[in-house]
Amino acid sequence: MIPAEPPAPVDGQGVFLNVPFDADYAPLFLALIAGLTALGRTPHCVLEAPSGGRNRLERIFGLMESCSASIHDLSRVTLSGPHGVPRFNMPFELGMAYALTRKSAHEFFVLEERPFRLQASLSDLNSHDPHIHDGTPSGALRCLLGCFATPSGVPSMQALEAVKRHLDKLALKLQREMRIAGPFHPYIFRRIVTAAIQIARHRNLIQ
Amino acid sequence: MAKNIRPPATAEQIQRAIGVTQEDREIVERILREIGEYDDPPRDGSPEEEKDYPLLFAKRNE
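So the protein sequences, as listed, match chains A and B. Take 0 as the starting number for the first sequence in numbering that gives the first Met the number 0 and just add one per residue. Take 0 as the starting number for the second sequence in numbering that gives the first Met the number 0 and just add one per residue.
No wet-lab data here; the hints were simulated from the structure. Bear in mind the structure is a predicted one, so any value in this text is a computation, not a measurement. Glycine included, C-beta positions come from ideal geometry on N, C-alpha and C.
Simulated pairs of lysine to aspartate or glutamate, EDC-like, Cα-Cα distance not exceeding 20 Å:
| no. | chain 1 | residue 1 | chain 2 | residue 2 |
| --- | --- | --- | --- | --- |
| 1 | A | K172 | B | E28 |
| 2 | A | K172 | B | E22 |
| 3 | A | K102 | A | E57 |
| 4 | A | K168 | B | E25 |
| 5 | A | K172 | B | E25 |
| 6 | B | K2 | A | E106 |
| 7 | A | K168 | B | E33 |
| 8 | A | K172 | A | D23 |
| 9 | A | K168 | A | D23 |
| 10 | A | K172 | A | E160 |
| 11 | A | K172 | B | D23 |
| 12 | A | K168 | B | E28 |
| 13 | A | K168 | B | D23 |
| 14 | A | K172 | A | D21 |
| 15 | A | K172 | B | E33 |
| 16 | B | K2 | A | D128 |
| 17 | A | K172 | B | D38 |
| 18 | A | K168 | A | D21 |
| 19 | A | K168 | B | D38 |
Over 10 Å on every C-beta distance to chain B, these chain A residues come out as not near it, computed from the model:
| no. | residue |
| --- | --- |
| 20 | F20 |
| 21 | A22 |
| 22 | P85 |
| 23 | G94 |
| 24 | L99 |
| 25 | K102 |
| 26 | R113 |
| 27 | F115 |
| 28 | L121 |
| 29 | I131 |
| 30 | D133 |
| 31 | G134 |
| 32 | G138 |
| 33 | R141 |
| 34 | M156 |
| 35 | G181 |
Please work from the sequences and hints to get the whole structure.
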């Protein structure tokens, strides 16, 4: 048993992304980064933590605990891989987020690709309506607008889509230069967030 | 669950939170210029922005 570490300071604008790291999900991942950044939130995910040292669960829990909110996409809880078993990581980490809400002001949001599927797969969450993204980047942005806002409102959907379009181009070029197939790599992730910040600021969405 | 409503973080705060390095900024700024993100720059930049994005402002001032 690994002893619990003292909690990290909470980043009030930090949002932990608990999402699938697979090629099909990459466009949605970029949409979530673009949208969160344009809303003045800091996207975080487990890619930021070094892989050595503390075990993976501890790293995930520590990161999630340092964020005031988390997003959990349960759209990939399906049979997959050579063994044909469901992937339990996402719902397990959602359970960690639920535990956090019991002892802190942490809030979590659940995303799904299709309506009514969550009620069948995770009925314990029946009191939490998932946000449905239809498996599309625009759907993911729409979900963000349903989850997050600033006291002065939210940017338009068109503004978020414009940030996403430019971020897509940058990510593709960055991945080619670094010879990495997708955005799920620590350096790529940090640079994609850096780009989202610059694009959002260039468009006066954030200061 | 109700919407999570908070004041937006600034670009600087987000950069600090994810540990952006000078190298990250330079690489990203170069690629953004190459893909045309800065082709139509806004006109209300502040001195603070000029410090952070020298290449953008150098191009704007040409």
